[in-house]
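Enquirer: Going line by line, the protein sequences match chains A and B. Counted from 1, the first sequence has number 125 at position 125 by the numbering used here; the numbering is strictly sequential. Counted from 1, the second sequence has number 123 at position 123 by the numbering used here; the numbering is strictly sequential.
No lab work stands behind these hints, which were simulated from the structure alone. Bear in mind the structure is a predicted one, so any value in this text is a computation, not a measurement. Backbone N, C-alpha and C define an ideal beta-carbon position, used for all residues, glycine too. One thing to keep in mind: the hints can contain errors.
Said to hold, decoys possible - Some chain B residues flagged as far from chain A (calculated, every beta-carbon gap over 12 Å):
| hint | residue |
| --- | --- |
| 1 | Val-32 |
| 2 | Ala-368 |
| 3 | Pro-616 |
What the hints assert, rightly or not - Some chain A residues judged to face chain B by a derived CB distance under 10 Å, without partners named:
| hint | residue |
| --- | --- |
| 4 | Glu-24 |
| 5 | Ala-28 |
| 6 | Gly-67 |
| 7 | Asp-74 |
| 8 | Val-76 |
| 9 | Leu-164 |
| 10 | Gly-176 |
| 11 | Thr-180 |
| 12 | Val-184 |
| 13 | Arg-185 |
Unchecked claim - Simulated DEER-style distance windows between Cβ atoms:
| hint | chain 1 | residue 1 | chain 2 | residue 2 | range |
| --- | --- | --- | --- | --- | --- |
| 14 | B | Val-335 | A | His-77 | 40 to 48 Å |
| 15 | A | Thr-75 | B | Pro-582 | 45 to 53 Å |
| 16 | A | Thr-75 | B | Val-491 | 27 to 35 Å |
| 17 | A | Glu-109 | B | Val-335 | 56 to 64 Å |
| 18 | B | Leu-652 | A | Ala-136 | 54 to 62 Å |
| 19 | A | Glu-174 | B | Gln-632 | 41 to 49 Å |
| 20 | B | Tyr-344 | A | His-79 | 27 to 35 Å |
| 21 | B | Pro-582 | A | His-77 | 51 to 59 Å |
| 22 | B | Leu-478 | A | Pro-192 | 38 to 46 Å |
| 23 | B | Thr-682 | A | Met-53 | 53 to 61 Å |
| 24 | B | Ala-636 | A | Arg-148 | 52 to 60 Å |
| 25 | B | Gln-632 | A | His-77 | 32 to 40 Å |
| 26 | B | Pro-583 | A | Ala-136 | 33 to 41 Å |
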Amino acid sequence: MVRAIEVVRSAWWVTAAVLFAACERNPAESHEENPQELITTVLLRVWDETDSMHVHTFAWRDLDGPGGRDPIVDTVHFHAEHSPWRVSLEFLNEAKTPPDTITEEIRREAEAHQVFYELAPELVQVLEVERLDTDARGLPLGLEARVRVQATQEHHGWLRIRLLHYGSTAKTTEPGAGETDVDVRFPVHVMP
Amino acid sequence: MRWLLLCTATAVCMASVTVRVVVRDSTGEPVVGARVLLERSHWGGYTDQTGQLELRNVAAGQYRLRVSAMGFAAVVQELRLVRDTVVVVVLQGQPLELAPVQVEAQRSPIEQGIQPVMNIGVRELDQHRGQTVAGLLERLPGTAALTTGPAIAKPVVRGFVGERLLVLSDELPIQGQQWGAEHAPELDPMLVEQVELLRGAAVVQYGPEAIGGVLRFRPLPLPQEPGRRLELRLEGASASRMGALGIWTEGRERFAPLSWRLLVSARRSGDVATPRYWLANTAAQQLNGDGAVGYLWESGQARLRAQLYDAQIGVFAGMHIGNLSDLERAFSAPVPLVQRPFSYAIEPPFQHVQHRLLEVSAEQQIAAMSWRFLLGWQQNHRREYDRHYGSRPAYDVTLTTWSLRSQLQWVAAAGTFALIAEAQRQGNVSSGAERLLPNFRAYRAGLALQGTWLPQPWELQLGVRVDGAWLQIWRPTLQGWSSARHHWAGVAAFAAIARHWREQTLRWSLVRGWRPPSPVELYAYGVHHGAATFEIGSPELAPEQFWMGELDYGFHSGAWHVDIAAFVYAFPSFIQQVPAPPPTLTIRGAFPTFRYEAIPALLAGSDVLLQWELAPQLRVEAVGTVLWGRQQHGGADTVATLYALPAPRAELRAHWHLPQLWKLEAPFVEPRVTLVARSATTPRDYAPAPKGYAIAALTLGTELNTAAGHFLLSLEVRNLFNRAYRDYLSRLRYFADEPGRDVQVRLVYRLR
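The following block holds chain B by itself, in its conformation from the complex (with noise of 0.2 Å):
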């Protein structure tokens, strides 16, 4: 109960945290009873014989941390937390004079390299929450949603999607069928609490797969104090008529060190409106839950974790055809062919997603060391149901993943270490009435070593990860089912290097990684509806390969957070579908064929962002991203821009605090301004990439603390001029236009 109330008192009760403040001289000698104090909050105390303090239960947020003891300079330094961190405090000794800022902030070191991590915490999500995950990455730089319709979005970072990118529902990467680009991450924006953007080291912490990072969609800590909790959640939004309700409540009970949390959501929305007519069939229905029970003692954690995730969502009627003529009458049609009234109603063409989670993962630390370990078990039951086959599903596939992560973790006098190894076993089976996937069983095992050194004012990183894949697949053939095995194995390298001054810091980091090809690169075989493409497989395909070099500027002052970086991805086998003519005849039309090839590619890019304090009230906000790729898939006259790259894209913001209205507390007006540019066109389009557009949207929030509980409101109006434009990373951009002004309301009510 003190727990809830100090929660409440702060009026921000946001993600806790773990801190580990550790203080040593310039000997680097630990510093016994140095005073630890962040300002303007609860929390404090004395650091030990080690020289070190451990605060739990910290809200996340932006601290000033105040470091004093006997006989040297007082340190203080801005702190921002988001996650359990380490701070390393290095004193000075007397006289009194301005020493260079000793104090580095970092979530725990071996997690996040040093890399920059892009976060978003649960306030700003909870201001911003909308129905897909995908949407919530909209405020970090350099992030893009691939969309199919409004309730099918994957994340993009960096132009790099599905099989290219890892998405961790907490710990555990999420397993579905990352292949599909109407294949959206099985997760409920209502239960993430917290959104991370890693990057570089994520390719040895984490395997082949996350080329282009991972991102972290995380529940909060189970709680640590003695206490219940309930909250409610509602949302709605006016353009597909949305309903959402969900329930959270944890505790954590006092006669046994049980933690728990219990997580339910369900929604539900209609077809979404553009500012001309209804998107048909493009409602959906959602119930999902997550579920956690964790043991904790002194030294470490036990956690038991169940997700469940259950989604039916229409794909938009225009754009499910049956050949290319359908697909150019589609194109040349001012507006979609098929049209309906409003409805909730889902009818072919539709998915049926069900994702089941089950992770098991306990934590223990010794003296300085540390050992993490996580066994999982997902199944993922994809069907997609479309108007030939009526109630049988066209595609059903359901893969089923086994997980196990070891990560040893420790600190020594020369820097941290970790040591991870992981192995995955995978099986795939598909019984629908068409088959563009094989059947198959696939095992991964990987081993990674990653040290990070902080000789001040520098700090190094390195690690190596090697990883070995077995594949064996089975494919019904006009002779029978055929069987067919590859093994692939593979290096991955990180190394970077940090220089910090007062208040700016220079990275530079270099990445050497690979993929092996996917299931599908390997082995497809049919006419993709929906592209209206033939694809065909290529069996002898070698695992991808990339280099990637990267450049970051950070300058954080009181006023100004600044983070800028370019990077440049060398790719010499890169698989990607390329034209493979002639076309295909079949008794539906011809369709282009293409294949997958290993080809070179390039892309380079840069994101940008910007946070300027104009003011205590007033913080002034903008995030840019800018991305070129090139392929080449034959001669010098083949070299091509890279399909579905993201176009040149930033957003302007501007968040102005209110001073306090009668009861309502912290209230705030946030405008916005998004600016698209215009993406290339490349040889695989259809039609040209649609034009580039501004939309701008308002969010008005504030908080009301009342005897009864604790009120958290926002509403935002998006596309607030009901524009009628097109995206290029939308899959209806050939059809139809992107959903009109949207007012969206959320409530929190947390419950006392």
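Pulled out of the complex, with its shape left as it was, chain A reads as follows (with noise of 0.2 Å):
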């Protein structure tokens, strides 16, 4: 008994003095560049389904991440008569050079991510988005989608996108427990 109490008093101060050799990092020096991985920018890239060499770029940046400027957002216009619409979405990292593409990372973990659209009450009768793409197991992916719009006059409203992220737990077609990875929102124009 005291035998086994000695060797664990040796033990604990042996532990004990490599562990407390460890020393201060200088909080003066210790400058490592913080990797930002965040994702800055979305992409939505529009053309028309029976003419993708016309290819419409509108952006949603915040290039210096949460706080400090406001972020700058393209207002996305929609022509009724090219209707039906192709939408591919785009996610980057424009703080880093070159900039880093989120959006292959996304469609290889196609299971655990899921993009969401969402229309101003003013649109809900003029614009229809279709999700197109898949995961592994058939529940949306969302980067692809097909947007028809009917509609005779002028609307304003906007458009909202979330990519939700499902980690450890169930993805469904619903937003359920996933975590958002990106919330923003587009002024949509839709013209005759």
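Got two chains here, each in a separate frame; can you build the complex from them with the hints?
Expert: This is the structure:
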């Protein structure tokens, strides 16, 4: 018994001595760069489904990350006469040079991601968004979508795009337990 | 070995304390050769030439002190010993009449001041030890716990938490990341033998952070008699399927005046059960240790102590959210959105906290003077992982602190005085994927003088303290690293006066204090996940200032023990997050913006403790707290209730000692009921404050003495009726219920 105590006691002091040998890092010098693993930019590429040569790109950009300067957001234009439109989403980190494309990672981890499109109440009767791509289990992914426009007059509103991330939690067709990675609103202008 | 036997013989082997009894006559002259006896115990003796007697290794507890001497009327007084104590007994000359009580029991008058000190001893702790140190406090009036799941609990005293409450590991303030609501003190409850709460004078003795007081979690003093001792502690809890093992060994060598102690504990718990579901990812695991070696001599001692704390704690998966709409979705869900079957697995989000502490202390008595010295080193390494960054911590902060403390104390004819000098150096380095806190270097120095006078039946205490603080920060900006410097100085003062009657005491105290703003209050900038707020620090913040007045009434008779306190804190400037619209627009959506500002605030409240020995076997206790707080961050229409103020609460307990059953000694039954009212909803709340609740608990305990050793057993059922409820101070309240029925078993086995 006493022997066991002796052994535990010496082990303790050896461990403590080793652990306490660790030195302090100097806060004045520990200036490692902060590799910003953030998404700064959402690109919305829009083209007429019958004419993939002419792609319009709209951006939601916040290059300095949360806070600081306000994000710069383009207004998305849809013409009813060229309906249906194809929409393709791209997520970038433009704080890095060259910019990081996050879209490929999302596509690779399709089963843990989902994009939701939500329209302003005044646009619900005007636009219809249909998600085209799915993950391996057949659940929507939403990086690709089709937008049908039905308008006889001008409309203004917004399109909310949300990218949800499902870690250890199950992905369903609902937002459910997903954690928001991106939640942006584009102003939308619809022309007849 | 003799000491060991003594312990088991009394069956009360609790914290041992040193009692110095000073006997004087009515003119203040020492009484030589007075007989001093702690009745029904082994401790006693005669006073020396200076009229003093020191009793060492006295087990903490309730005693009857009898002091008698030729030519004087004997004095008998109840004495409650919880730590090193100086008792001044004034004997009145004959004839034998019923003299007013002249015994004043004080724990070292300098340390305690004349403010009441609440404490919980080792016996009570052994019977109620839970998963966190904050949980140990629930038996004291005026305290609560700010929780983030069952394994993370921050102590709250009179509504003060974090940077306004000092938590001591023995004598060293624990320096962790106090600013975070989900950052609990780095202490294992299994390694704590005694809990004390010091208020009032604490601001002078320990410095600016002691606004709410000082919570001291202490191990036992090192043994002073040769021998060795081994104790095993086992704990189990049903709600989280927790198991914990502690090994405690201590001793003193015969061949050298060396005492030592080693405590090691391991704890593992799984997802905790509420009445309706498991709380996903609330598992935790810990490995902690505490070791000390002391060299004791006739008039002093030196000690080296090391403490290690390593905990991985899962954060409830249902509360980690990306933005405000996730939060709103989580609120409106009837059951948490994230569910999983019971598991011991810890997945992101989780915290991994390591705290290392090394302390060298020395104490020397020179006649009526004593000097205590303390040098401490601490390193706190906190890593927080979330789902975004995978294996890379979102926050990774290392805080290193050096502390130096010197306390000189002397007893003069006029009173007892203390001179305290303190210095501190801190460095903080952040290296995670996100930064809420800048890198900083901070220096702090303080000097305090305190005096206590005891002109019977009055007591008077005055103290003043001067502190200076210097801070330099570095933080990344778009243009590179930027740096800034700050310095502050301030004065704290404390005055208290007490009047004693036969069984009653009335105390009045006044405190003036300040606190420099913390780096996070100055420079926070970013989204606070979990709170779904965008927090902005204010580099121009001035220190927080406050005044506090308190009135205490104590009534202590044979059967009754009553303590009632009423207090008011007035803050001309109280550093608080206040809403700063418009919301901050980020790629994850819009977050409500909050800015740290110093605003006027007022906090008032009352604590009550009632104990009634209804019969020798039955004690009834009631503990209650009420708090009221207001803040103002603009015009008269912006007066609002202080955020996160504990709701009015009361706890009723009955402690019933049963006669010996077979070999089971000191069996007891303790039913208790906790009543909590609804808190006021403040503008910062996203959802109304949860309803009030009442929950019941039952504890059964006993002791068993066998040839193999001494056993202390207790069984506690918390939330006896498995009620689903939510608590305002729980950060889970928006998302999930509190734990359901929890059967906890504790076993302390002391080997012969």
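Enquirer: For every hint, state whether the structure bears it out.
Expert: Hints and how they fare:
Against chain A, the non-interface label of B/Val-32 holds: every CB pair exceeds 12 Å, the least being about 44 Å. Separation of B/Ala-368 from chain A is adequate, the least Cβ-Cβ distance of about 37 Å exceeding the 12 Å criterion. Here B/Pro-616 stays apart from chain A, with its beta-carbon at least about 39 Å from theirs, past the 12 Å limit. The criterion of a C-beta within 10 Å of any C-beta in chain B is met by A/Glu-24, whose closest approach is roughly 4 Å, and the hint holds.
This hint holds: A/Ala-28 has a C-beta 6 Å from the nearest C-beta of chain B, less than the 10 Å allowed. At about 6 Å, the closest approach between the beta carbon of A/Gly-67 and any beta carbon in chain B falls short of 10 Å, and the interface hint on this residue holds. Restraint check, A/Asp-74 versus chain B: the minimum CB separation of about 15 Å is more than 10 Å; hint violated. Restraint check, A/Val-76 versus chain B: the minimum CB separation of about 17 Å is more than 10 Å; hint violated.
With a least beta-carbon distance of about 8 Å to chain B, the hint placing A/Leu-164 at the interface is held under the 10 Å criterion. Because the beta carbon of A/Gly-176 sits about 6 Å from the nearest beta carbon in chain B, less than 10 Å, this interface hint is met. Look at A/Thr-180: its Cβ gets to within about 3 Å of chain B, closer than 10 Å, so that hint holds up. For A/Val-184, the interface hint holds, the least distance from its beta-carbon to any beta-carbon of chain B being 6 Å, beneath 10 Å.
Taking 10 Å as the C-beta contact cut-off toward chain B, the hint placing A/Arg-185 at the interface holds, the least distance being around 9 Å. Look at B/Val-335 against A/His-77: about 43 Å separates their beta carbons, and that is inside 40 to 48 Å. Taken as a hint, the range 45 to 53 Å is violated for the pair A/Thr-75 and B/Pro-582, whose Cβ atoms sit roughly 20 Å apart. The given range of 27 to 35 Å is broken by A/Thr-75 and B/Val-491, whose C-beta atoms sit roughly 59 Å from each other.
Look at A/Glu-109 against B/Val-335: about 27 Å separates their beta carbons, and that is not inside 56 to 64 Å. For B/Leu-652 and A/Ala-136, the hinted distance range of 54 to 62 Å is satisfied, since their beta carbons lie about 59 Å from each other. Checking the proposed 41 to 49 Å range against A/Glu-174 and B/Gln-632 shows it holds: the Cβ atoms sit about 43 Å from each other. Look at B/Tyr-344 against A/His-79: about 58 Å separates their beta carbons, and that is not inside 27 to 35 Å.
Between B/Pro-582 and A/His-77 the CB atoms are about 27 Å apart, so this pair departs from the stated range of 51 to 59 Å. Hint check: B/Leu-478 to A/Pro-192, Cβ distance near 43 Å, so the stated range 38 to 46 Å holds. Taking 53 to 61 Å as the suggested C-beta distance range, the pair B/Thr-682 and A/Met-53 conforms, at roughly 58 Å. For B/Ala-636 and A/Arg-148, the Cβ-Cβ distance of about 55 Å falls inside the hinted range of 52 to 60 Å, so the restraint holds.
Judged by the Cβ atoms, the range 32 to 40 Å given for B/Gln-632 and A/His-77 is violated: they are separated by roughly 48 Å. Hint check: B/Pro-583 to A/Ala-136, Cβ distance near 37 Å, so the stated range 33 to 41 Å holds.
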